[in-house]
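Asker: Working from the sequences, and respecting the hints, build out all of it.
If you number the sequence shown the way the numbering used here does, the last residue is 181 and the count never jumps.
No lab work stands behind these hints: they were computed from the structure.
Where is the CB? At the ideal position from N, CA and C, for every residue including glycine.
Relax, there's no trap hidden among the hints.
Computed spacing ranges between beta-carbons, pair by pair:
1) Gly113 with Asp42: 44 to 52 Å
2) Gly41 with Phe110: 28 to 36 Å
3) Lys176 with Lys114: 39 to 47 Å
4) Lys72 with Lys31: 12 to 20 Å
5) Ser124 with Val33: 20 to 28 Å
6) Asp42 with Asn136: 25 to 33 Å
7) Glu162 with Lys30: 45 to 53 Å
8) Glu45 with Pro170: 29 to 37 Å
9) Lys172 with Met27: 46 to 54 Å
10) Gly147 with Ser83: 18 to 26 Å
11) Asn116 with Pro170: 18 to 26 Å
12) Leu161 with Lys31: 36 to 44 Å
13) Gly147 with Lys30: 41 to 49 Å
Think about it this way: if two alpha-carbon atoms lie no more than 25 Å apart in a straight line, the pair counts; the simulated SDA-like pairs of lysine to any residue are:
14) Lys120 with Glu68
15) Lys74 with Asp130
16) Lys120 with Val38
17) Lys71 with Thr138
18) Lys126 with Asn43
19) Lys39 with Phe98
20) Lys74 with Phe86
21) Lys126 with Glu162
22) Lys32 with Val106
23) Lys72 with Gly102
24) Lys126 with Asp42
25) Lys172 with Gly128
26) Lys143 with Gly113
27) Lys126 with Gly102
28) Lys74 with Leu90
29) Lys72 with Asn95
30) Lys74 with Glu92
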Amino acid sequence: MIIKKKVSIKNVKFGDNVEIVEPVNLYECEIGNNCFIGPYVEIQKKVKIGNNTRVSSHSFICELVEIGNDCFISHGVMFVNDLFKSGKLNRNPKEWYSTKIGNDVLIGSNSTILPVKIVSGCVIGAGSVVTKDLLEKGIYCGNPAKFIRKIDEPL
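Answerer: This is how it looks when you write it as structure tokens:
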């Protein structure tokens with residue numbers, strides 16, 4: 027037996043001037059004013075995205091993620107809410123973890139964001155894996171992502 031589900035866009039609270047490039051799967055989430063959602067993006071229930079935020083193609087934003095205002099989520103960024111602590115898939119949403127992204131955060135292509143807090147003003151380099159809270163504004167890169175420098179410091 028094959029079970030097909032067509033989700034596309036279902037029960038989404040949209041702000042004003044939101045641009046969406048289909049195909050997408052958006053359901054039971056909130057998207058602020060002046061946002062852009064690229065193609066092949068999935069945004070699950072209980073996700074909140076702030077104003078003026080751009081989510082590029084092929085990104086996955088799972089339940090319990092909150093993204094602030096004026097953020098940029100580049101291509102292929104993956105958010106995670108289950109840490110597989112028991113060595114198995116945890117199907118109980120009450121045991122999943124949340125992620126909170128501040129304002130003015132830029133996340134580079136193909137990064138993976140585990141359940142963490144990222145303060146406003148951070149830049150995450152492409153391909154990085156964020157495994158711990160980023161509590162200081164700055165540039166972070168690598169696997170695991172490490173602090174590289176403050177934003178205002180010269181190269």
